[in-house]
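Colleague: Each chain, letter by letter, is given below.
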Amino acid sequence: MDTPVYHYFDHGADIGIAGYGETLERAFEAAAYAMFSIMVDLDAVKPASPVDFVFEESDVELALVTWLNHLLTEAHTRACVFARFALRHENTRWSGQAWGEPWRDSLERGVEVKGATFTQLSVTHTEHGWEARCVVDV
Amino acid sequence: MHGEDIMNLDELQAITPYCFALPGRGDAAPVRFFGSRALLEAMDEKVREQITNVAKLPGLVGAAMAMPDAHWGYGFPIGGVAAFDPEQGGIISAGGVGFDISCGIRCLRTPVTLAQLSPVMEPVANALFHAIPAGVGERGTLKFSAPELDEAMMGGARWAIARGFGREEDLRFIEEHGRVAGAVPEHVSTHAKERQKGEMGTLGSGNHYLEVQVVDRIHDEMAARAYGLREGQILIAIHCGSRGLGHQIGTDYLVTLAHAAGRLGISLPDRELACAPIRSPEGEQYLGAMNAAINIALANRQILAHLTREVFARFFPGQEIDTLYDVSHNTCKAEEHVVQGVRKLLYVHRKGATRAFGPGHPSLPEDYRAVGQPVIIGGSMGTGSYVLAGTATSETQSFSSASHGAGRAMSRTQAIKHWRGRELIDELARKGILIRTKSFRGAAEEAPGAYKDVDQVADATENAGLARRVAFLRPKACIKG
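Protein chains in written order, with our numbering: chain A, 1 to 138; chain B, 1 to 481.
With the rest of the complex left out, here is chain A (with noise of 0.2 Å):
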């Protein structure tokens, strides 16, 4: 994965993430980063045990929401944190991973996502590339 592009905007209560890239995955794995960022600093997470998961949508943005909603759910199950993302899709099948480590001591905490939103949801192709943003609820 090379090194992920992306902002946070505001929201009143929550947090924008916008998540870029050349193609639609590297714009959501962006924006996992991004969401992962708010709780940890992924620097210091070591990218070790890789996760799997698959899912069927055919509506794009809410492939974002759910791809987002995944990565949260597995990463609170297994009282871990992702920092590294992959994502491959096929018409309406969307296969990805995710690396990363259960919490420790020594990982400064920042502030948990509880999950991600359908308010300012948007994914869009510019001429630029790829870019998927949402708010997340923390």
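Quick caveat, the hints were computed from the structure, so don't treat them as lab data. Wrong hints could be hidden among the right ones.
[As the list claims (entries may be wrong)] Pairs of lysine-lysine, DSS-like flavour, derived with a Cα cap of 30 Å:
hint, chain 1, residue 1, chain 2, residue 2
1, B, Lys417, B, Lys143
2, A, Lys46, B, Lys143
3, A, Lys46, B, Lys197
4, B, Lys417, B, Lys344
5, B, Lys143, B, Lys197
6, B, Lys417, B, Lys431
7, B, Lys476, B, Lys438
8, B, Lys438, B, Lys197
9, B, Lys431, B, Lys476
10, B, Lys476, A, Lys46
11, B, Lys417, B, Lys438
12, A, Lys46, B, Lys438
Using the hints provided, position chain B relative to the given structure of chain A.
Modeller: Just chain B now, kept in the frame of chain A:
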């Protein structure tokens, strides 16, 4: 201000100095804003946009309402209240409840005075920080199996008390007497149950806290007496919700309801309002799952209350700590309300809003019936909180709803540019407020300056007739998630 646009007040009609209306138009029902003009002038245009969109949803009864602490949320604005009639195609929306289902405040009343606590304030704060798992990635020491969690989803605080966390007496002072009806664990996904296994008895993160407070000022002597409050007394407020289980239910049903709305031909002004009719398979499933999450939140706050009592008992043996009240903020509840003279069963969404029953309501404990339900406005960690009492007028004004907090005035992304967590904690310590947290980022995001003026919110809540002020509480120590 956090957003790009300040709310346009041009079309608002002042009904009173603390209630403003936007008339219904086309497919939109009317909107009511409660609050002073100054509070409304500081709101983001997105609040107006979101609550106006709520007013377009099917089956809305009366007006869509924004409380004095309203701010831009997702789906509904935070501080949004809307009641729907199931017999008129009324809907239920996951975005009208939020991910943190039944997030709320358990307020505990101690017999300890500030003078007694002050000499041991630091060790008490440290002991609470040690005993209460708080922050992202922190798991509870209590582990429950899937069948046990199913029981918790049905039993709420009653389940927790039956397992030794607290005492029977607490139940009288919890909404729904500690357990909401209509929970259906079968409608809760395996993922949601998995997420909760290590999270019972944890505080969470973001705006969640456990705060040691002192009663600083009494506004209403009669209500204060009924609530057992006196100046100089120490209270403890526990602000948290249904943890991973609720978050996962919100996640699961956001997409389910979005698909349902499309299938059922519900025209949504914005996708974030994904919803289904209350009387539809998806609507009923979400309702069953959401009620299960409400019970998990009630059980969670009951466990945290117990852990808090254990800590206090080490410093103040033999001193009884009572539950003043337990209120939920993010819910959709089936309640009876009188609409144009007819009693109806309505589903009232309160997204970042508190139920505020007035005097005489049958669900209130006898001790409080003459003065109304305790309403708690949780403020920022540097300013203070209010206890208020529900009024008779809130039933006709707002389906018995009131403000739930100070409400954010600045975004989290802006807050971390303005404040450094370490410096903020030191500054608050110099003011006599001890902060214990593992997240400096979290502390900066929750800086007191990022919130509205809680005095203005409480004042507007009272003047709008939603609830009346009883006591102001000043923070002394705060465990932040």
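Colleague: The structure should be examined with respect to each hint, and the outcome stated for every one.
Modeller: Verification of the hints:
no.	hint	in the structure
1	Lys417(B) - Lys143(B)	violated, 38 Å
2	Lys46(A) - Lys143(B)	holds, 27 Å
3	Lys46(A) - Lys197(B)	holds, 25 Å
4	Lys417(B) - Lys344(B)	violated, 49 Å
5	Lys143(B) - Lys197(B)	holds, 6 Å
6	Lys417(B) - Lys431(B)	holds, 22 Å
7	Lys476(B) - Lys438(B)	holds, 18 Å
8	Lys438(B) - Lys197(B)	holds, 22 Å
9	Lys431(B) - Lys476(B)	holds, 9 Å
10	Lys476(B) - Lys46(A)	violated, 38 Å
11	Lys417(B) - Lys438(B)	holds, 19 Å
12	Lys46(A) - Lys438(B)	holds, 20 Å
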